[in-house]
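2 protein chains.
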Amino acid sequence: MVNYPNGRSHPYLTSSQQNLLPQKATPLKTGSSTKSAAVFGKRGMNFEEEINATNDYYLSHGLAVVHKKPTPIQIVRVDYPKRSRAKITEAYFRQASTTDYSGVYQGRYIDFEAKETQQKTSFPLKNFHEHQIVHMTNVLAQAGIAFVLLHFAALNETYLLPASSLIHFYREKQGLKSIPLSYIREKGYKIETNQIPRIPYLEIVKKLCEVHQNF
Amino acid sequence: MVNYPNGRSHPYLTSSQQNLLPQKATPLKTGSSTKSAAVFGKRGMNFEEEINATNDYYLSHGLAVVHKKPTPIQIVRVDYPKRSRAKITEAYFRQASTTDYSGVYQGRYIDFEAKETQQKTSFPLKNFHEHQIVHMTNVLAQAGIAFVLLHFAALNETYLLPASSLIHFYREKQGLKSIPLSYIREKGYKIETNQIPRIPYLEIVKKLCEVHQNF
Chain A
2 MVNYPNGRSH PYLTSSQQNL LPQKATPLKT GSSTKSAAVF GKRGMNFEEE
52 INATNDYYLS HGLAVVHKKP TPIQIVRVDY PKRSRAKITE AYFRQASTTD
102 YSGVYQGRYI DFEAKETQQK TSFPLKNFHE HQIVHMTNVL AQAGIAFVLL
152 HFAALNETYL LPASSLIHFY REKQGLKSIP LSYIREKGYK IETNQIPRIP
202 YLEIVKKLCE VHQNF
Chain B
2 MVNYPNGRSH PYLTSSQQNL LPQKATPLKT GSSTKSAAVF GKRGMNFEEE
52 INATNDYYLS HGLAVVHKKP TPIQIVRVDY PKRSRAKITE AYFRQASTTD
102 YSGVYQGRYI DFEAKETQQK TSFPLKNFHE HQIVHMTNVL AQAGIAFVLL
152 HFAALNETYL LPASSLIHFY REKQGLKSIP LSYIREKGYK IETNQIPRIP
202 YLEIVKKLCE VHQNF
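First to last, the sequence lines map onto chains A and B.
Under the numbering used here, the first residue of the first sequence is numbered 2, with each subsequent residue one higher.
Under the numbering used here, the first residue of the second sequence is numbered 2, with each subsequent residue one higher.
I should point out that these hints are in silico values taken from the structure, not numbers from a laboratory.
Hints are not guaranteed to be accurate.
Since copy identity is lost for identical chains, a pair holds within one copy or between any two.
Listed next, the in silico BS3-like pairs over lysine-lysine satisfying Cα-Cα at most 25 Å (straight line) [unchecked claim]:
{"id": "1", "residue 1": "K178", "residue 2": "K83"}
{"id": "2", "residue 1": "K69", "residue 2": "K88"}
{"id": "3", "residue 1": "K127", "residue 2": "K83"}
{"id": "4", "residue 1": "K70", "residue 2": "K127"}
Could you build all of it, start to finish, from the sequences and the hints given here?
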C-alpha cells in the first residue's frame, strides 16, 4: 500500500522529490515561471506532490507507469575531489524543452504538464512555453495522449484539458494572456480530487481513449 | 534537414547536450557507472550523440517523438543573487531511477536505455541497475515497448536487445557479471549503423511491432 498525505505537514514525497528538496536552509525554485521562487515553489510542490502520489498509486496498482522527468539543469562547473564523489559547484535551472510527465498506459504513450494558478477566472498562458506547445503538437501527430492538468488553487478545482484544446487556444488567441475558466470548463474535464488517488486523471484518459483515437 | 556529424570533431549536439557540456575546462561525468568519469563520459557522449541525432532525425521527419531525459541531479544548495538568476552552488549526480530515453511511436510508448562497452565478448551487467530492470519490467507489464541499445565500441557493433531478454538474463543469471555477446546476438537484433540516421533502431521496433504485441 501507498501512504498518502492527509495534510500538508507530512507530505508524501517520491524519491525524486526528496532529492530536489534543499538539505540546507535555502529556498528552492521549481521549474515554474514566476520570479517569487520560494513562494511559487511551495505552491507548485503541493500540486506536484499530489500528482506524484497519484502516479505512485497507479504504478503500485499496475494501472500505468508515469514518471516526472528530472528538472533540467545546466551544469557549468564540476569538481572531482579525490576519494569523494563528483560535486557540481555551478549550475543553473533550465527551461524544460518538453513536458514534465510521461509514461505508458495500456501500451499507449501519455504525456502531460501540470500547472496551478491562484487566479479564479482564468489560467495564465505564461505557464506554457512555445517549445512545450510544439512538443505537445508533435506528440499528438504521433498519436500520443497529451493533456495538461490545471489546478485552480483558490477554487480548489482541477481540470484535465486535452492538449488539442490548449494548442488550439494558444495558436488562435495569441493576443490573450490567459485561458478563461469557461473555456477550460467547456473543453476540459473536471477531476474529482476528494479520493484516492488524489488526482485520478487516468479515469478521464480511459474514457477519452474509448471515445477517441487521439486526444 | 538535420545535419549529421561526419566525424568526432564537430559532433551534432542537441540543445540538452550542449547544456550539459562544461563551459569551463572541467571533466563532465555522464550517468554511467564507471569511476573514470572523464574517459567514460567522452565514450558515452559519442554513442549518446548518435542516438540523440537519430532521435532528432525521427522527430524532424515525423517518425517518432523520443527524448533523452535530463540527467537527475540532487540539489543541495541554491543561491538567489539579487538581479540575477538562481545559481546552484552544491549538487550531485544521482543514479537514474528509470531509463534514459522515452517517447512515442505511432501511439505506442517507447522506452530504452543506451550503453556502450569496450569489451569484445560480453556486456557488463553493472551497466544496468536493479531499479532500471524493475522499471523496464513495469513498462512491459503495461504493454510498452522497452529495450536496450548496446554498443560494442571495439567491434563497432550495435544491438537492440528487447527488455524481456535482458530481464530474463538478469534474473536467471544473477551469478554472471556480464551478458555474453552470443546471447545478445541470439536474442537481439544488429543495427546497421552506416547510414542516416546513425542508429536506426526504429526499423527494428517497427518489425517487432508487426510480429509481436509486446516486446
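Exercise for review: Give me the numbers of the hints this structure contradicts, sorted from smallest to largest.
Suggested key: 1
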